[in-house]
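Could you build the full structure based on these sequences and the hints that come with them?
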Amino acid sequence: MSAIAGRLPLSFSDRESLWFLSILAVIAIAVPILNLAVPPSSPLHVSTYVLTLVGKYLCYAMLAIAVDLIWGFCGILSLGHAAFFALGGYAMGMYLMRQIGTRGVYGHPVLPDFMVFLNWTDLPWFWYGFDRFWFAMLMVAVVPAVLAYVFGWLAFRSRVTGVYLSIMTQALSYALMLAFFRNDMGFGGNNGFTDFKDILGFDLQQDTTRSVLLVVTVAALAASYCVCRAIVASRAGRVIRAIRDAESRTRFLGYRVESYKLWVFVFSAVVAGVAGALYVPQVGIINPSEFEPINSIEVVIWVAVGGRGTLFGAAAGAALVNYAKTYFTAALPEVWLYALGAIFVGVTLFLPRGLAGLMPAASRGK
Amino acid sequence: MTLTTSGGQRLLWLLLAACLAALPASAQTPDDEFRAVLAELREASFSDKESIADKLIATSHMSARPVLTALLEDRLFVRSQDQQIFIVSSTEESRTQYELIDPVSLSRAGSAPVDELTKIGTNNRLRRFLRITIARGALANPDPDVRRAAVRELLRSLDASAIELLRQRKTEETDARVLYEIDTALALATLDDGDAAARVAAVQTLSERLSPEVRNRLAALIERNDDGSFAESDEGVRVAAAAAIETIDTARSLYSGVETLFFGLSLGSVLVLVAIGLAITFGVMGVINMAHGELMMLGAYTTYVVQTALPGYIEWSVLIAVPAAFLVAGLAGVLIERTIIRFLYGRPLETLLATFGVSLILQQLVRTVFSANNRSVITPSWMSGTLPINDALSITYNRLYIVIFSLIVFGLLLAVLKRTRLGLDIRAVSQNRAMARAMGIRSEWVDAMTFGLGAGIAGVAGVALSQLTNVGPNLGQSYIIDSFMVVVFGGVGNLWGTLIGGISLGVINKLLEPYAGAVLGKILVLVVLILFIQRRPRGLFPQTGRAAEAA
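As given, the protein sequences belong to chains A and B, one line each in that order.
To convert a position in the first sequence, counted from 1, into this note's numbering, add 139.
To convert a position in the second sequence, counted from 1, into this note's numbering, add 1045.
In case anyone wonders, no lab produced these hints; they're calculated from the structure.
We treat Cβ as the ideally placed atom computed from N, Cα and C, and that holds for glycine.
Treat the hints with care, as some may be off.
Distance windows between CB atoms, simulated [unchecked claim]:
| hint | chain 1 | residue 1 | chain 2 | residue 2 | range |
| --- | --- | --- | --- | --- | --- |
| 1 | B | P1356 | A | L471 | 56 to 64 Å |
| 2 | A | A470 | B | E1360 | 40 to 48 Å |
| 3 | B | L1457 | A | N322 | 38 to 46 Å |
| 4 | B | L1513 | A | A470 | 35 to 43 Å |
| 5 | B | P1356 | A | Y462 | 29 to 37 Å |
| 6 | A | R377 | B | R1472 | 38 to 46 Å |
| 7 | B | T1384 | A | Y462 | 49 to 57 Å |
| 8 | B | A1417 | A | R377 | 29 to 37 Å |
| 9 | A | V281 | B | A1417 | 49 to 57 Å |
| 10 | A | W264 | B | P1356 | 58 to 66 Å |
| 11 | A | T241 | B | S1421 | 47 to 55 Å |
35 Å max Cα-Cα, derived DSBU-like pairs, lysine-lysine [stated by the list, open to error]:
| hint | chain 1 | residue 1 | chain 2 | residue 2 |
| --- | --- | --- | --- | --- |
| 12 | B | K1100 | B | K1215 |
| 13 | B | K1567 | A | K464 |
| 14 | A | K195 | A | K336 |
| 15 | B | K1567 | A | K195 |
| 16 | A | K336 | A | K464 |
| 17 | B | K1100 | B | K1164 |
Below you can see the structure in the form of structure tokens.
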């Protein structure tokens, strides 16, 4: 693995970032305008469905960047990042559920519908505070961060690495999925949360609200890209890459490998959590299937397709694979799993550096 | 030897000849006689029905008991159109048509709408009489199991005639297990009408029994009536009863502990079975095979195909499927190794992704070929049913066979690795590839064979799983995380670790279940495992020496 990792392009030319950020800017400006200002009769009109789809891809791109940061640059293959994504989503979902208020089916002012349905009389303690937006947003970051910190602290300190770590993260995600499927956990069981009404007082069904959410998502994606880029370009970033290529040697040189890994892991989990929080209001539902191990593995394949260790490649891979998924599941549903499987096999065998590896060396700026 | 056989044969022929000679005379009479007696039931009063029942028994016709049982269970009907009497197979309320059975030949006789049938009624007295009559017949049956079942049936509601019948039987009975049941019933009867000393003795006899009926009866002894007086007047009997209940409860909780342990053992052996193939590919070769679950799925589908292809050999199908599944999954494994994995050695994370891709393709392949619905795999009759140990403990055969089967597979695998040339090669390559090659071992061939072996065992595990869960495209996914956990817990590269790891995980899971529920128990086990790996990153039995350095 390290042999391959050593050959990965260390491409952080400003030209690529410029391209990436410009594309994001174009999306942020063009898509809402084409949706809101252009009449539906015009061929240039972007439907609400496409708007939501773009928003979804952008959230996935953010998740992919989070995975690329730890896998592509630090060599930690997490098969549980969908769990952080889902936790962020659940935190946002809890806020949105509290916003429904008396408009639910049972019209209870405090309790969400599913709790009334389960004959609960009081709000569980962990639901306190989620009626406030700032608190929910804090939890979107804090919950994944704390979980990542505890898990990472235990794992990295006792030097669980490589495949073992991957399997452990998968088990973590699996355990969370089983837990969230339980009704008495207080998270809506297998139905999860849905039927959201509004966010900060704005109707979620309105195209304007959706457009604003899209712009916010673009901003968050751009921000996380820039921060990740800053991290990997910094001195600490070089240590992180050194850990990926030769962990023991880095340790012998006197660096505290565990702390570096831990902080990158926690930061990556936070990015994933924020992505999940932006995903939920746009998609309109969150349920325990988001924790499924296969989701985490799919994220890894987005990164692999786009190109490990490039950040923009990961984002592009997420968008591409998901576009293919949307297309195939609608047009040829039975072919999709063959295609996805073939992508897994083909990319690992023939494109170890992903699509980014196909770009001519000159344009990689190095 | 020859002499005995021919002697036996001659006897057989003689008997047959005697039967044939008797046939023309007797073939008509008993059936007709039986039918004639039976016909009297149509218009008889309740008391007449008793004497008719006696007559039916007296014909010693083989249909007498089924007919009386049907009468007892309100399943004997008269068809309006021709006044014929029929047994009805089931009288569920939802049915509008009843399936008819001829009362003489006991063969199917078509069906009839509910409103064209009139039930032959019974009253309490008649039912009691029928019960005793049937039980008396059953108590004379040469099969001890039938006799035991009859005693147990009587034991549910004892009355004077039943007790009399049991007392009488006790003097003739030779089978210890039937005697044991009779003693239980008689002791229960003594509680109602014996004197104080006899009741204490009866309670003591009952304290060695485990059935819930006995416990409930004893518990009733120490209860108070509504007016505050004790249900049982004698102090000594109450003390004895309290002690007996305690004895029974201790024994029952002991047996339920044994049962939990056995459940754990059987779950554990399933885990061992699904993980042991992985222990080869992951543990010995260092290859993360995410398609392991799908190879098990292939094995399960092989069982289905064998049963579909050979509908006449259902009893043998599982045994035929074991080698077939080994071949199918093993060949699939060799194919995967040759086309994909061999390019990825030394890159475990890439192997993980590529094999995951293979697992998706295999799942979809199965959906395309067999449809996305679950396929039903038949359990051979010798694998279903339970083995009763006593009233508090019974063991289902399929669990028992799974335990035995996984131990056999484990033993065979161990033997292959330790005693065969292939095993020697596998161990050599896994310890030092370069040196093994220098010694002339074709390491590539060994890789393919090792992977094929692991995959084949996954297929064999799939045959076992087909008897336990639904056979569908998602069969593999539900076991893959468990099997990785077992291998990681037991320690990579150590088959004994896999055995102990799997069985202890199964037992821990089942021990937690009563307190935490099935799902929460599983979550707890996963969390404990995650914590355990932090403490011992290389599992229960870590590899030591040079192999560990290389890993």
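Return the numbers of the hints above that this structure violates; sort them in rising order. Structure breaks hints 1, 5, 7, 8 and 9.
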